[in-house]
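S.K.: Listed here are the chains, written in short residue letters.
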Amino acid sequence: MPTLPHLLRLLRSLHAWRAILAMLLVAAAGQAHAGKTLDGIRQRGQINCGVSTGVAGFSAPDAKGRWAGLDVDICRAVAAAVLGDGDKVNFVPLNSQQRFAALQSGQIDVLSRNTSWTLTRDASLGFHFTAITYIDGQGFLVPTKLKVTRATQLKGAQVCVQSGTTTEKNLADFSRSHKLGIKPIVFDTYEAGFKALFAGRCQAYSADASALASIRSKESPNPADYTVLPDLISKEPLGPVVRRGDDEWFAIVKWTVFALQEAEELGITQARADAMKASDDPAVQRLVGSGEDMGKLLGLDKAWSLRALKAVGHYGEVFERNVGAQSPLKLPRGANRPWSQGGLIYAPPVR
Amino acid sequence: MSTWDFLLQPAGFDIGETGLFAFEATQPVWRALMVGLGNTLRVSLPALLLATVLGMLLALGRGSSSRSWRLLSSGIVDAVRLVPLLLQLLIWYLLLVEWLPDANAALSLLPGVWLSKGGLAFPWPATGDGGWAWSWPVQEAFNVQGGGAVTPEFLAVMIALSVYTGAFLAEVFRSGIEAVSTSLLEAAEALGATRWQVIRRVLLPQALRTILPATTNQYLNLVKNSSLAVAVGYPDLVSVGNTTLNQTGRAVECVAVMMGLYLAMSLLTSAAMNAFNARQASQGGLA
Numbered sequence: 001m002p003t004l005p006h007l008l009r010l011l012r013s014l015h016a017w018r019a020i021l022a023m024l025l026v027a028a029a030g031q032a033h034a035g036k037t038l039d040g041i042r043q044r045g046q047i048n049c050g051v052s053t054g055v056a057g058f059s060a061p062d063a064k065g066r067w068a069g070l071d072v073d074i075c076r077a078v079a080a081a082v083l084g085d086g087d088k089v090n091f092v093p094l095n096s097q098q099r100f101a102a103l104q105s106g107q108i109d110v111l112s113r114n115t116s117w118t119l120t121r122d123a124s125l126g127f128h129f130t131a132i133t134y135i136d137g138q139g140f141l142v143p144t145k146l147k148v149t150r151a152t153q154l155k156g157a158q159v160c161v162q163s164g165t166t167t168e169k170n171l172a173d174f175s176r177s178h179k180l181g182i183k184p185i186v187f188d189t190y191e192a193g194f195k196a197l198f199a200g201r202c203q204a205y206s207a208d209a210s211a212l213a214s215i216r217s218k219e220s221p222n223p224a225d226y227t228v229l230p231d232l233i234s235k236e237p238l239g240p241v242v243r244r245g246d247d248e249w250f251a252i253v254k255w256t257v258f259a260l261q262e263a264e265e266l267g268i269t270q271a272r273a274d275a276m277k278a279s280d281d282p283a284v285q286r287l288v289g290s291g292e293d294m295g296k297l298l299g300l301d302k303a304w305s306l307r308a309l310k311a312v313g314h315y316g317e318v319f320e321r322n323v324g325a326q327s328p329l330k331l332p333r334g335a336n337r338p339w340s341q342g343g344l345i346y347a348p349p350v351r
Numbered sequence: 352m353s354t355w356d357f358l359l360q361p362a363g364f365d366i367g368e369t370g371l372f373a374f375e376a377t378q379p380v381w382r383a384l385m386v387g388l389g390n391t392l393r394v395s396l397p398a399l400l401l402a403t404v405l406g407m408l409l410a411l412g413r414g415s416s417s418r419s420w421r422l423l424s425s426g427i428v429d430a431v432r433l434v435p436l437l438l439q440l441l442i443w444y445l446l447l448v449e450w451l452p453d454a455n456a457a458l459s460l461l462p463g464v465w466l467s468k469g470g471l472a473f474p475w476p477a478t479g480d481g482g483w484a485w486s487w488p489v490q491e492a493f494n495v496q497g498g499g500a501v502t503p504e505f506l507a508v509m510i511a512l513s514v515y516t517g518a519f520l521a522e523v524f525r526s527g528i529e530a531v532s533t534s535l536l537e538a539a540e541a542l543g544a545t546r547w548q549v550i551r552r553v554l555l556p557q558a559l560r561t562i563l564p565a566t567t568n569q570y571l572n573l574v575k576n577s578s579l580a581v582a583v584g585y586p587d588l589v590s591v592g593n594t595t596l597n598q599t600g601r602a603v604e605c606v607a608v609m610m611g612l613y614l615a616m617s618l619l620t621s622a623a624m625n626a627f628n629a630r631q632a633s634q635g636g637l638a
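From first to last, the protein sequence lines stand for chains C and Y.
If you're matching positions, the first sequence starts at 1 in the numbering used here and goes up one per residue.
If you're matching positions, the second sequence starts at 352 in the numbering used here and goes up one per residue.
Errors might be hidden in some of the hints.
[Stated by the list, open to error] With a straight-line cut-off of 20 Å between C-alpha atoms, the simulated SDA-like cross-links for lysine to any residue are:
{"no.": "1", "chain 1": "C", "residue 1": "K179", "chain 2": "Y", "residue 2": "P452"}
{"no.": "2", "chain 1": "C", "residue 1": "K145", "chain 2": "C", "residue 2": "R42"}
{"no.": "3", "chain 1": "C", "residue 1": "K145", "chain 2": "Y", "residue 2": "P452"}
[What the hints assert, rightly or not] So, partial list: chain Y residues that the calculated Cβ filter (under 10 Å) puts toward chain C:
{"no.": "4", "residue": "N455"}
{"no.": "5", "residue": "G469"}
{"no.": "6", "residue": "G600"}
{"no.": "7", "residue": "A615"}
[Stated by the list, open to error] Have a look at the derived ranges for each label pair, beta carbon to beta carbon:
{"no.": "8", "chain 1": "Y", "residue 1": "W475", "chain 2": "C", "residue 2": "G343", "range": "49 to 55 Å"}
{"no.": "9", "chain 1": "Y", "residue 1": "A430", "chain 2": "C", "residue 2": "S124", "range": "44 to 50 Å"}
{"no.": "10", "chain 1": "Y", "residue 1": "W475", "chain 2": "C", "residue 2": "T118", "range": "36 to 42 Å"}
{"no.": "11", "chain 1": "Y", "residue 1": "A373", "chain 2": "C", "residue 2": "T118", "range": "45 to 51 Å"}
Simulated from the structure, these hints should not be mistaken for laboratory data.
Built from N, CA and C at the ideal position, the CB exists for glycine as well.
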C-alpha cells in the first residue's frame, strides 16, 4: 500500500504526469461517443438496453425477475445478432423523465421503451430513431359508470396523465381543438396516474392505447369497470432509439428490426429458421444466412439475422407472444400487420 | 439558436391548476414556469402560517401542566418528525381522495361551496367584459365548474407541509422558551410584573434570539419541501419545470431556472427573517 510520501514523490516525476494526462485524454475521448458505442458493447460483452419500469407486454419483469415484452425482445434480437446470445443484455429500468438523459449520457446504448418518434426528439436531442416496432395512438381509459362513449364527451373533465411524455401535449392540443377545457392532473410516475383514476380522483386516464390495455387488464381492480375509448387522438409510432454519432450501431439496430419484420412476410418462424436454410428463395436465404452475406456490410457475420430470428422469432411471433393473442393483453394486430396483409408494417428489403 | 430561446416558444401543455393566473397552452414557456412558481408560493405561504400556528399549539401542549395534553403533543411531534415527508404527503392525499365524495355528486357545505374529489369550490370574483362579478360554482356533468377551486392535491400538499414543519417548529419554540433561565422570570415576578408582562417583556425577547434563526431554517425547508408536490400531481414549479424539460429536451437550462427561482425564494425568506430578527435584537422585545 503506497504511503503518502511515496505518492508525493511519484507525482514529482514526469512519468506520473504523462500517465495522468493520458488517462484524462481517454476519459475525454470516451465522452465523445463517436463510433464508440459498438466498440463499448463488444468490449463489455453486453448491450445496455433502457426499458421501462414495468409496462406489461412491452417491458416488465416476470415473477422470476426475467424481463419480458416486445421492447425487451427487440433488444434480445439485437444482442443475438451482434454478440451471438440473446441473453447478453443488461436491462436498465428508466422512468419517462430519466430515459432521454440516460441515452444522452451513455448510460444505455439503446432505448427500447415504448418511446414515440417525434420531430423534437429525433432532431433536437441528439438521437436517431431506428425503426417503428409498434404503431400506437393516444387514447382514454374511463370508468364505465360515467357512460362516456366518445372522447369528445369529456367536456370539463379532469384527466390524469403521466409527466414527461407526449401525452400532455396531445391532450392540450385535443382539448383546444375541440374546446373541451380539459384539466390535466400530472403525476410523475406511471403508477400514481392510474391509481388516481381508480380512486375516482379523475374522470379519465390518458396514455398510449397499448399501455391502457395493459393497465385495464392487469392493474385495475375490476377490468369490467373500465373502458378504453375507441378514439385515438394522436399518432404514436413507437420504436428503439440510439444516440447520434455511431452510424454503424444505428444501422445494426435498424436492420435487425427490419429483418424481423421481413421474416414475417417470408414466413420464417423461430422454430423453422434453421430448416429454411434449404430454401431456394434468395430473400429467405439472405435472412437465414445461407445466401448473400448481408452481415458483412453491417460489420457482423453472415448468421446475424438467423441468430436474431432464433432468439425471438419473426415480428408477428414477437407481437403475438407479448401483446397479442397469446398474451393477457390480447391486443389486435390492427395497423401492426405486414403491408401485404393490409397493415402498415413495411420493412425495406434486406438486400 | 440561443439556448434560452425555448423560453419564448409556446408551451404546448396545459396546467391543471393555475391559481390567480389564467394559462393557455399557446402561451410561452416562461409564463408556464411563472405559473408553477405562483403555485409553489400559493401552497407555501398558507403552509408557513399554518405550520407556525400548529407549532405554537404543540409547544404549548408539550409544556402543559395536564399530563394527557403533554402526552398527546409529544406523541404527535415525535411521530410526525420520524416519518419521511413524502410518505406523509402520500398518506394525506390517499385519505383525502378516498373520503371525499365523487366529483359528479359533490357535497354542498354552504350555498355556493361544493366539496368533492375534484376539490373545494367556492365563489370567487371573476373578471368579465367591463368589470368583475362573482363567479358561482355549479355542479356539471362530470364535476363542479366555475368559481375558485382548490384541488385535493393542493390541500394534501398544504396539510402535509404544515403538519411536518409544525412538528419541527414545536420543538424549536419549546427549546427556545425553555432556554430562558427561570431566575430571570422569577426576578421579573418578584418586581411585581404581571404574567403577561413577564412573557412579553422578559421571556419572549430572550427566547426569540434562539428561536428566530432556527425558525428561518424550518421556513426555508418548507418552501423547498413543497417540491415534493410532483408526487401527487400538484403543478408546482418543479412539476411544470419537469414537463418543460421533457417537452423541450433542455435539461440543463430548465434545472438552472428552477434552481435560480428556489434560490431567489430562499434568499427573500431569509432576508425577511433576518430583518425581523435584527429588529427584535435592537428593540429588545416583541414591540
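S.K.: Holds or violated: 44 to 50 Å for the Cβ distance of Y:A430 and C:S124?
M.R.: Cβ of Y:A430 to Cβ of C:S124: about 48 Å, so the range 44 to 50 Å holds.
S.K.: Measuring from the C-beta of Y:N455 to each C-beta in chain C, is the shortest one below 10 Å?
M.R.: 8 Å, holds
S.K.: For the pair supplied as a hint, C:K179 and Y:P452, is the alpha-carbon distance within the 20 Å limit?
M.R.: Given that 20 Å is the threshold and the Cα spacing comes to 27 Å, the pair is violated.
S.K.: Does the Cβ distance between Y:A373 and C:T118 fall inside 45 to 51 Å?
M.R.: 28 Å, violated
S.K.: A range of 49 to 55 Å was offered for this pair. Does it hold for the Cβ distance of Y:W475 and C:G343?
M.R.: 52 Å, holds
S.K.: Taking 36 to 42 Å as the stated bounds, is the beta-carbon spacing between Y:W475 and C:T118 within them?
M.R.: 38 Å, holds
S.K.: Can the hint on Y:G469 be confirmed by a CB-to-CB distance to chain C that is less than 10 Å?
M.R.: Hint holds; Y:G469 Cβ to chain C Cβ min 6 Å, cut 10 Å.
S.K.: Could you check if Y:A615 really has its C-beta closer than 10 Å to a C-beta on chain C?
M.R.: 24 Å, violated
S.K.: Just to be careful, I want the Cα atoms of C:K145 and C:R42 compared with a cutoff of 20 Å; is the pair within it?
M.R.: 55 Å, violated
S.K.: Taking the closest Cβ pair, is Y:G600 under 10 Å from chain C?
M.R.: 4 Å, holds
S.K.: Quick one, are C:K145 and Y:P452 close enough, alpha carbons at most 20 Å?
M.R.: 15 Å, holds
In summary, the structure is inconsistent with hints 1, 2, 7 and 11 from the numbered list given earlier, while agreeing with the others.
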